[in-house]
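Numbering follows the working numbering, in which position 58 of the sequence shown is assigned residue number 58; successive positions increment by one, without gaps.
None of these hints come from the bench; they were simulated from the model. Keep in mind that a hint or two might mislead.
[Unchecked claim] Pairs of lysine to aspartate or glutamate, DMTMM-like flavour, derived with a Cα cap of 25 Å:
1) 184 with 210
2) 54 with 102
3) 199 with 169
4) 50 with 60
5) 199 with 187
[What the hints assert, rightly or not] Derived CB-CB ranges, DEER-like:
6) 141 with 43: 22 to 32 Å
7) 103 with 137: 23 to 33 Å
8) 156 with 72: 20 to 30 Å
9) 106 with 212: 35 to 45 Å
Beta carbons are placed, not taken as given, at the ideal position from N, Cα and C, and that holds for glycine.
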Amino acid sequence: MGAAKKIWNEMEVAAEARENGSTEFLSSPLIVDTSLSLPLMTPRVIALCKDLFKQWSKLDDSRFSVDTVSGGITNLLLKVTVKEESGNDVSVTVRLYGPNTDIVINRQRELQAIKYLSAAGFGAKLLAVFGNGMVQSFINARTLTPADMRNPKLAAEIAKQLRRFHQVEIPGSKEPQLWNDVSKFFEKASSLKFDEIEKQSMYETISFKEVQKEIVELKVLSLFIGSVNSISSLLLEM
1 MGAAKKIWNE
11 MEVAAEAREN
21 GSTEFLSSPL
31 IVDTSLSLPL
41 MTPRVIALCK
51 DLFKQWSKLD
61 DSRFSVDTVS
71 GGITNLLLKV
81 TVKEESGNDV
91 SVTVRLYGPN
101 TDIVINRQRE
111 LQAIKYLSAA
121 GFGAKLLAVF
131 GNGMVQSFIN
141 ARTLTPADMR
151 NPKLAAEIAK
161 QLRRFHQVEI
171 PGSKEPQLWN
181 DVSKFFEKAS
191 SLKFDEIEKQ
201 SMYETISFKE
211 VQKEIVELKV
221 LSLFIGSVNS
231 ISSLLLEM
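Throw the hints in and build the complete structure from the sequences for me.
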């Protein structure tokens, strides 16, 4: 039922985009099993790409290469490179959702946000959605290092882009979801069961009452700081 709902949500977002006349992206009901090893997963990823991108449908599988990309937290990231008939190499990112991550991540809302952010020039372009993930353009870049972050010019540029990022108008609720997400994580984490005795024993050493207490304290503190900042802003405007 969960997987069926997930596919429906993504197909729904794709249909909405087409109806609104926004940048179209392709869709497929196919699902790639993330529990498979990369060698076993590769032919399934290739089949998915052929199903989504018809210009690749008749290419031999040998023209495709699939590699993992580091950096995913809730997703498995794959770089798919295709040698087209023209001889050009084209790369895309296949983003596979982690198991049960839809419990704490609203994938429909995520897709909607990516659509608008992509149109505003942020991040990779959304190209397609499928049963348990999405395909985006591949960006050749590197992760910032601590030394990069200490560069005043780079820090200033990041601040400018962050400001522009938050100015992007995305339909839907503007209410912060932090505490809703923390609550979902806590509910899930505090009810886990492990088949392995050693893992279960380690798990039982966690005091979830203490964790919950700290969450409440942090939430109260953040609300207090938010109130102080709001009052300060009002005073500055007077």
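Going through the hints against the structure:
1. 184 with 210: Measuring from Cα to Cα gives roughly 17 Å; hence the hint holds.
2. 54 with 102: violated, 29 Å
3. 199 with 169: violated, 45 Å
4. 50 with 60: Judged against 25 Å, a Cα distance of about 10 Å means the pair holds.
5. 199 with 187: holds, 19 Å
6. 141 with 43: 22 to 32 Å: holds, 28 Å
7. 103 with 137: 23 to 33 Å: holds, 28 Å
8. 156 with 72: 20 to 30 Å: With a Cβ separation near 29 Å, residue 156 and residue 72 satisfy 20 to 30 Å, so the hint holds.
9. 106 with 212: 35 to 45 Å: violated, 23 Å
Checked against the numbered hints given earlier, this structure breaks hints 2, 3 and 9; the rest are met.
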